[in-house]
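**Q** If you read the protein sequences in the order shown, they are chains A and B. Position 268 of the first sequence, counted from 1, bears residue number 268 in UniProt numbering, the numbering being contiguous throughout. Position 247 of the second sequence, counted from 1, bears residue number 247 in UniProt numbering, the numbering being contiguous throughout.
Misleading hints may appear alongside valid ones.
One copy or two, either will do: identical chains are not told apart, so a pair holds if it fits within one copy or between any two.
Below, in silico cross-link-like pairs of lysine-lysine (DSS-like), each with a Cα-Cα straight-line distance of 25 Å or less [claimed, not checked]:
1) Lys-455 x Lys-655
2) Lys-239 x Lys-249
3) Lys-601 x Lys-634
4) Lys-655 x Lys-213
5) Lys-552 x Lys-263
6) Lys-213 x Lys-181
7) Lys-365 x Lys-263
8) Lys-337 x Lys-534
9) Lys-249 x Lys-213
10) Lys-150 x Lys-284
11) Lys-98 x Lys-655
12) Lys-263 x Lys-249
13) Lys-323 x Lys-292
14) Lys-513 x Lys-150
Just so you know, these hints were derived from the structure itself, not from any lab.
Protein chains: 2
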Amino acid sequence: MDLNALRTANPDHWSKATAIRALTLDAVAAANSGHSGMPMGMADVATVLFEKHLKFDAANPLWPDRDRFILSAGHGSMLIYSLLHLVGDTQFPIEELKNFRQMSARTAGHPENFLADAVEVTTGPLGQGIANSVGFAMAEEIQRATYGAKVVDHHTYVIAGDGCLMEGVSQEAITLAGRHKLSKLIVMWDNNNITIDGPVTLSDHTDQVARFKAAQWHTIEIDGHNPEEIDAALTEARKSDMPTMIACKTHIALGHAAQDTSKGHGALTDPQQLTAAKEAYGWKYGAFEIPKDVKSAWEEIGKRGVAERQAWEERFDKMPRAKRETFNRALALDAPKKLSATIKAFKKQMSEAAPKLATRASSEKVLEVLNPIMPETVGGSADLTGSNNTKTGDLGVFDTDNRAGRYIYWGIREHGMASAMNGMALHGGVRPYGGTFMCFTDYARPAMRLAALSKLPSVFVMTHDSIGLGEDGPTHQPVEHLAISRATPNTYVFRPADTVETAEAWEIALSLKETPSVLSLTRQGLPTVRTEHKNTNMVEKGAYVLADADTKRQVILIASGSEVSTAMAARDLLQAEGIGTRVVSMPCMELFAAQDDAYRKRVLPGGAVRVGVEAGVRMGWDQWLLGERGKFGKAGFVGMDRFGASAPAEELFEKFGITAEGVAQAARDLL
Amino acid sequence: MDLNALRTANPDHWSKATAIRALTLDAVAAANSGHSGMPMGMADVATVLFEKHLKFDAANPLWPDRDRFILSAGHGSMLIYSLLHLVGDTQFPIEELKNFRQMSARTAGHPENFLADAVEVTTGPLGQGIANSVGFAMAEEIQRATYGAKVVDHHTYVIAGDGCLMEGVSQEAITLAGRHKLSKLIVMWDNNNITIDGPVTLSDHTDQVARFKAAQWHTIEIDGHNPEEIDAALTEARKSDMPTMIACKTHIALGHAAQDTSKGHGALTDPQQLTAAKEAYGWKYGAFEIPKDVKSAWEEIGKRGVAERQAWEERFDKMPRAKRETFNRALALDAPKKLSATIKAFKKQMSEAAPKLATRASSEKVLEVLNPIMPETVGGSADLTGSNNTKTGDLGVFDTDNRAGRYIYWGIREHGMASAMNGMALHGGVRPYGGTFMCFTDYARPAMRLAALSKLPSVFVMTHDSIGLGEDGPTHQPVEHLAISRATPNTYVFRPADTVETAEAWEIALSLKETPSVLSLTRQGLPTVRTEHKNTNMVEKGAYVLADADTKRQVILIASGSEVSTAMAARDLLQAEGIGTRVVSMPCMELFAAQDDAYRKRVLPGGAVRVGVEAGVRMGWDQWLLGERGKFGKAGFVGMDRFGASAPAEELFEKFGITAEGVAQAARDLL
């Protein structure tokens with residue numbers, strides 16, 4: 001590249017973009033780690049985006065109607081940190097950049113949404129940002145349809161690299177965006193032809209432009225170092241009635257000795273090469289030094305949106321009060337006041353009616369009463385609507401001609417669904433829930449982890465949660481998936497035993513602000529075990545005594561979900577033999593762990609043998625079976641220690657010994 | 001559809017294809033569950049494939065040079081079971097079909113490779129079969145280049161549905177196939193425009209033909225009910241020098257009242273509609289009844305390959321003996337005789353040299369000695385070659401001009417890599433291993449589970465296995481991933497402490513025949529703890545006493561991987577205080593659990609407090625900390641109970657208390 005030509009063609013632009021490159025070089029050198037090349041390659045695109053298109057106000061990074069900027073290629077985090085420093089975001093003084101990748105800095109190795117207001121998304125695991133962006137754009141459409149374009153009217157801009165586009169989840173994302181004509185979604189592809197292992201052609205010959213066209217996107221190809229072309233492309237993209245992909249041909253690590261090489265992708269820390277690059281830029285300043293005129297120019301950019309924001313605030317204030325309140329309540333993730341009373345009334349009714357229902361059907365019943373009072377919920381399923389029971393009558397289907405629809409047919413895209421749900425939650429104003437078979441948490445797993453890390457209250461509705469799924473066989477029967485979700489920090493796993501517990505689990509899930517929930521629900525019918533109404537939300541305690549021993553307590557059976565009624569039947573068998581047996585229902589281990597010692601000891605006192613019952617692996621159970629054991633000192637577990645099989649469900653429970661008699665025998669064996 | 005026109009146009013074809021449809025209807029009706037529509041829609045394509053193109057011999061389903069047939073749309077399992085019954089596979093008598101989806105039947109709800117010889121792949125989780133097929137085609141290319149086209153020359157045929165193509169992993173698969181010009185891979189897309197939730201257009205508007213073209217595939221569009229078009233397309237596909245996708249326009253549930261509807265996707269069990277469909281076919285036979293002439297015609301098809309197989313056997317016998325032996329040894333998954341001696345010599349050398357190495361680097365050293373003596377290994381990495389240390393000097397890079405290359409640059413496709421590795425292992429003759437960051441087991445997870453379920457000895461090389469990854473931060477730091485892999489049945493998780501244990505882990509992993517391995521390896525350098533050479537493979541025991549208490553044993557520290565040296569340092573601190581401390585290295589919990597009670601009690605006797613040390617979550621540890629505890633009855637754990645952070649590694653271990661002093665203090669607290 002002829003840097004001189006670039007500089008002289010547009011010196012103002014050049015100095016602004018070069019500030020990003022210089023800060024990137026300096027921060028990576030200081031940290032002695034990081035990724036220099038990507039921010040250096042995409043500095044021109046980002047500069048034009050921020051200078052001329054992105055609607056934002058640096059002093060108010062949480063302004064609800066701001067455009068969203070997502071750095072899907074999260075390893076290039078210095079791009080976003082440089083930009084935020086330059087525009088005057090007070091959370092990013094120069095000290096933060098000097099502390100790049102150090103303990104407690106906001107400038108983490110990859111952008112983390114919970115460290116800074118202006119960082120919209122936690123990215124780094126490739127493909128996630130572009131998949132999140134679909135949720136952002138959908139949330140914007142839904143909110144715009146709900147509140148009107150006067151208060152909701154913004155774009156979602158994404159910078160994605162080759163890595164993002166090679167990940168499979170990007171295909172799920174772009175086909176969803178194409179299907180729904182998410183025209184306010186604009187992806188800028190950093191087409192630099194470099195991956196860590198070498199040139200992209202080492203592993204890929206895909207015609208990305210043709211691929212996006214096949215997914216019904218508008219596409220534009222530009223020189224990613226030409227500010228006029230960048231500006232024109234963004235203008236064109238904003239006018240399109242389709243989502244737009246701008247293929248930006250760039251040079252990774254522009255101007256550095258490592259330009260256009262995979263070395264340039266990583267940390268460029270050689271001091272001489274750093275100096276040489278700055279010289280080539282015509283940048284005469286010291287480390288972390290930005291000349292006043294360049295900083296002022298950038299700060300002006302940071303204030304570009306002030307008037308627009310103020311005008312928005314005036315328009316917002318003119319909205320009817322009820323609408324404003326709902327808008328703000330949803331944004332703050334406050335549950336509606338009616339939630340608690342609604343759940344209580346529902347529980348009372350169910351305790352009396354005592355239906356035999358699969359908990360997936362219980363969940364649908366709960367949603368039928370909750371969705372009408374929580375207009376912020378957005379439901380969906382990955383092509384298993386009838387099986388996941390996620391659709392209720394009032395939601396309407398989100399589509400190109402019904403943007404207010406609150407139900408999304410995600411197609412066979414579990415991963416894309418979960419990532420987009422995260423995007424919706426990050427966008428704010430909506431509360432996403434989505435369903436698939438429990439076994440396919442495997443597909444959604446990268447996004448479910450990010451929901452937990454990013455502190456998003458997404459609700460994953462996972463049905464067919466054991467061998468109770470039956471004939472579809474072991475490919476579809478979860479065995480280890482409860483353990484997987486429970487192993488993940490900041491995740492609540494609810495496995496309700498009946499309709500009442502399902503209602504309690506939903507009440508908690510829809511009240512959480514920073515924790516995702518996994519609802520583990522059955523395919524098969526279960527009797528109501530909570531036949532006595534209680535106002536208290538018992539699931540909130542994690543575990544509780546469902547039925548106590550009639551005589552001296554010798555056995556405690558601890559069970560979750562479908563196995564609670566099995567444990568109750570085992571209790572009948574044991575008590576008939578004079579063996580006093582307590583049944584503890586344990587719908588949420590995480591919440592039980594959070595109770596105080598005294599409560600936990602009341603529920604699980606010593607002096608009795610313990611048997612855990614759950615149609616899954618034992619992992620995670622020992623803390624309750626062994627950790628607080630008393631004088632008997634014996635414990636057992638009835639569950640699965642292998643994959644399941646294809647057969648009718650009842651036969652499978654019989655085969656694997658997860659029956660009342662199997663549980664009773666496990667207890668007898670310990671006595 | 002005018003069934004009459006179809007029937008009269010080609011009555012011979014019609015009766016053969018209708019036999020599939022009738023058997024499908026009968027079996028699903030008998031099971032009262034399953035998926036009728038897909039086999040009914042694709043019966044014509046499958047009939048022409050088996051009759052005119054697929055190289056196979058029904059009596060010898062394991063003939064190494066057979067064509068592979070993969071039903072990626074695994075829910076349509078009755079297609080494959082019908083075909084196998086019709087061609088005379090002795091594992092599929094009519095009784096098996098009558099037992100569809102019942103306990104212990106070969107005719108499981110979804111095809112399971114371990115239940116029947118002719119079922120190549122376990123499918124059902126959508127997108128997996130098409131992703132596996134890339135591995136099949138690569139393995140064929142590698143074997144052909146190695147042994148010559150006289151003994152290896154076959155195709156891989158895949159039937160994939162809309163669900164397969166919507167899953168992200170399919171994009172990773174087709175771009176890999178296109179990149180490598182896997183011309184012997186032929187995908188037949190069941191283009192029926194129906195998913196469970198409704199028409200495909202409900203969730204997708206992708207132009208699939210354009211998408212495959214963008215990925216450098218040859219594409220053909222046909223009427224999937226016209227046998228001449230099907231035949232011509234398959235002929236054309238076999239001649240192409242690119243992978244070929246044949247878009248087969250079909251009618252799901254052809255001829256049934258539910259034709260072309262999403263109801264037709266599921267179980268069609270209404271007896272009257274069943275009868276009406278058979279009438280419409282002109283099929284006058286009872287349930288599970290196949291007229292003699294039709295069955296004979298199919299059995300002739302089953303024998304089509306006999307002469308070809310015999311000729312192949314003659315050619316195979318003419319290969320040099322050494323080549324034959326290697327071919328057969330690799331196919332049988334027997335480790336070479338030299339393996340054990342090679343590992344022993346390497347261990348001796350390492351115990352003496354006692355290098356300080358990251359275990360990822362140890363792993364590279366091991367591979368440098370193993371790859372030359374195991375020509376069946378095929379290595380690779382998902383764009384982290386230099387970080388995963390998976391490439392050794394002698395492998396050569398697999399490419400269009402080097403089909404014998406044994407190293408694959410998978411690109412940023414963890415899921416596609418793992419699925420293709422499964423395909424390679426299923427194809428046979430090669431032993432795949434592949435690397436990524438441990439944290440991205442999340443992306444590969446659906447395929448890793450299927451490796452375990454399908455009994456495949458794939459080796460997943462997962463480096464950067466804790467907060468020791470450092471500055472990249474929590475998005476890249478595994479915390480729950482050891483627990484996730486350990487929760488999965490039939491999976492060995494190895495977390496070696498140094499170069500010697502790494503060699504032992506590789507020896508086991510490359511000797512396994514039916515179990516996948518996860519190698520959990522560090523980014524950071526570790527001292528050699530096994531400085532005293534032992535011929536015995538200690539990792540094989542799962543856990544063992546690395547250093548015993550010098551004085552009366554009061555403490556047992558149990559650690560894995562990078563924390564073993566931390567535990568050794570803690571032991572020094574404690575023993576200096578007169579507290580006798582044993583250190584147990586536990587590189588593989590699954591193997592330790594498989595030892596007899598006596599050994600386990602020798603390693604973990606009572607009478608001492610226990611502290612587990614691992615830079616991950618506690619889940620999975622309690623069985624060793626609490627399960628066999630003795631009279632002190634106290635145990636603790638030093639590890640992670642939250643996500644990590646972005647900072648230099650040493651500072652993170654300090655911050656989270658995973659240090660010698662932290663471990664020593666945990667022990668002191670218990671005493």
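**Q** Hints first: check each against the structure and report whether it holds.
**A** Results of checking the hints against the structure:
1. Lys-455 x Lys-655: For Lys-455 and Lys-655, the Cα distance is within 25 Å only across copies (21 Å; inside one copy 40 Å).
2. Lys-239 x Lys-249: within (22 Å within a copy, 36 Å between copies)
3. Lys-601 x Lys-634: Answer is both; intra-copy 17 Å and inter-copy 17 Å each pass.
4. Lys-655 x Lys-213: neither (52 Å within a copy, 49 Å between copies)
5. Lys-552 x Lys-263: Neither way: Lys-552 and Lys-263 sit 71 Å apart in one copy and 55 Å across, limit 25 Å.
6. Lys-213 x Lys-181: Answer is both: 12 Å inside a copy and 23 Å across each meet the 25 Å cutoff.
7. Lys-365 x Lys-263: Between copies only: 24 Å across chains, 56 Å inside a chain, cut-off 25 Å.
8. Lys-337 x Lys-534: So Lys-337 and Lys-534 pass the 25 Å test inside one copy only (19 Å; across, 68 Å).
9. Lys-249 x Lys-213: Both: 18 Å inside a copy, 22 Å across copies.
10. Lys-150 x Lys-284: Answer is neither: 46 Å inside a copy and 67 Å across each miss the 25 Å cutoff.
11. Lys-98 x Lys-655: Answer is between; shortest inter-copy Cα gap is 21 Å, intra-copy 62 Å.
12. Lys-263 x Lys-249: Result: close within a single copy only, 18 Å intra versus 47 Å inter.
13. Lys-323 x Lys-292: For Lys-323 and Lys-292, neither the intra-copy (45 Å) nor the inter-copy (73 Å) Cα distance is at most 25 Å.
14. Lys-513 x Lys-150: neither (27 Å within a copy, 64 Å between copies)
Violated hints for the displayed structure, listed by number in ascending order: 4, 5, 10, 13 and 14.
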